[in-house]
Amino acid sequence: MQREKTAHTRYLPFGDSGLLIEFGDMIDLKTNSTVITLNDAILETNIQGIEELVPTYRSLLVRYNPQEISYEELLYHVKGIEKTPRPPTTREGRQTVIPVIYGGEYGPDLEHVAKIHGLTEEQVMRLHSERQYRVYMIGFIAGFPYLGEVADEIATPRLETPRLKVPAGSVGIAEKQTGIYPCEAPGGWQIIGRTRARLFDPTQKPPTLLEAGDVIRFKPITEKEYTALTTE
Amino acid sequence: MHILKVIKSGLFTTVQDLGRSGYLKYGVPFSGAMDQFSLAVANCLVGNDPNAACLETTLIGPELEVLRNTQITITGGDCAPKISGASVSMWQTLSAQENDLISFGRMQSGCRAYLSIRGGIDVPLILDSRSTYVRGGFGGANGRQLKTGDMIEGFDVTSSINKYSMPEELIPQFKNQIRVHVILGPQADMFTEEGVATFLSSHYSVTSESDRMGYRLEGPLITHKEKADIVSDALLPGAIQVPKSGKPIIVMRDAQTTGGYPKIAVAITSDISMLGQAKPNDTLEFCEITLEKAHEKIEEYNRVMNNLSHTLIRG
Chain A
1 MQREKTAHTR YLPFGDSGLL IEFGDMIDLK TNSTVITLND AILETNIQGI
51 EELVPTYRSL LVRYNPQEIS YEELLYHVKG IEKTPRPPTT REGRQTVIPV
101 IYGGEYGPDL EHVAKIHGLT EEQVMRLHSE RQYRVYMIGF IAGFPYLGEV
151 ADEIATPRLE TPRLKVPAGS VGIAEKQTGI YPCEAPGGWQ IIGRTRARLF
201 DPTQKPPTLL EAGDVIRFKP ITEKEYTALT TE
Chain B
233 MHILKVIKSG LFTTVQDLGR SGYLKYGVPF SGAMDQFSLA VANCLVGNDP
283 NAACLETTLI GPELEVLRNT QITITGGDCA PKISGASVSM WQTLSAQEND
333 LISFGRMQSG CRAYLSIRGG IDVPLILDSR STYVRGGFGG ANGRQLKTGD
383 MIEGFDVTSS INKYSMPEEL IPQFKNQIRV HVILGPQADM FTEEGVATFL
433 SSHYSVTSES DRMGYRLEGP LITHKEKADI VSDALLPGAI QVPKSGKPII
483 VMRDAQTTGG YPKIAVAITS DISMLGQAKP NDTLEFCEIT LEKAHEKIEE
533 YNRVMNNLSH TLIRG
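So the protein sequences, as listed, match chains A and B.
Residue 154 in the working numbering sits at position 154 of the first sequence, and the numbers go up by one each step.
With the second sequence counted from 1, adding 232 to any position gets you the working numbering.
No lab work stands behind these hints, which were simulated from the structure alone.
Treat the hints with care, since some could be wrong.
Unchecked claim - Computed, partial: chain A to chain B, Cβ under 10 angstroms:
1) 39
2) 41
3) 42
4) 205
Just so it is clear, CB atoms sit at the ideal spot from N, CA and C, and this is done for glycine as well.
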């Protein structure tokens, strides 16, 4: 097991100020867990010269200041940390609940998603909200969480023609991924609902509600509850 | 304190400093001056911290009314600036008096110019920076480009400074042909040998689909071995992605922080300011450099920046 992991790990220079550590080229929980565990272990070690870390689905980017640490030194430190066995990081304690109103004007594609899978809207809603999701990474637009993975029964390809405007708070599905638009943006995900949760606020530190490695759950709410949140 | 009033906005004028760092994992790009060197020099010439906020103009500059006596500097691409109709020099401290009109001519070289004011532009710090990130709608002047009627506030400074200018030999020359040094990878192995050779031996032109997020290039196609997609991973300014079309895209300072195209190479840090001055129809050629050489260039760049206050010419 350990050997298999090492065989797939690649250390690559990313320009003159980055070290990219790749753990394969796939979307799965195990790979992402490895990324987040290494991310947290490096943060703990506090290596002088590291500017920031960017965890993604299957790789970790270490941005460094070459005036403070050489590539070789950085490589040596990071490899040492990577090879030290440690339990995977869990953030179960930090589970965030995202209240969502499904369907109708808030989720214009819910009907379509239900139809192509031969399900009722109710069933899609239940399948989407009954499981816990992991935040694989934040990207695309500030604060956008890529969450996985949805049940096979509701995995749906993106829209053929992306929308020019997807409203802020929209909850969508793209293949086995689900995600939330923090602000209005163009996008091709199947929109099944909407939340009032504020995912991104540049006046706060940290500016996002979620971070890679977090776990979340969607909680269906009624229009009345949604409106109450709106006027809060 | 109101210093300038925007009479005409120009093509795309924003407030920028050296940008924000440390927020990539939240999906927040660096933003900041596309030509960091020119912005830092513009600040030094009016006695500001190198990171103070300035205006960044794009191709067609704005028209600005001066509301209060101040000192300014204009650096970056040669934009034939004038104060109340009289041509003024770039790369030196200038005096601007109340009621003066600052205007910009046709861009003679480069793409972007920087206007600093003594004390720096006063807009709120958002995530440690005053830079505008238009796509995210925050930073600078309410997260957007400047428009007619905007008032530009400056920090209060009572004293004026002596006039300085940049030594001629240190002023960067912005040409229509730009040589960009790159470090191959991180995903160069997804391209055929021929594809990599094409990339390193051809000229690519900057298309009109180019902005602060990135530049789409036109030129000989770069071939992938098999697939042209990867599971999205991180991006940094200077990264050169090649989608299925085979035409490269250079990622710049406002780009999204993750992307799903393989990166054939990454431009070195010390060439990114020059790259920030590229405009549509300019041509780029890429040449490979070692990591060691790239680090030497960073050291050299920092040396120039650190010594700047000693190298500037009085008067």
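Practice task
State the violated hints by number, sorted upward, taking the hints as numbered earlier in the document.
Solution key: Per hint list: 2 and 3 violated.
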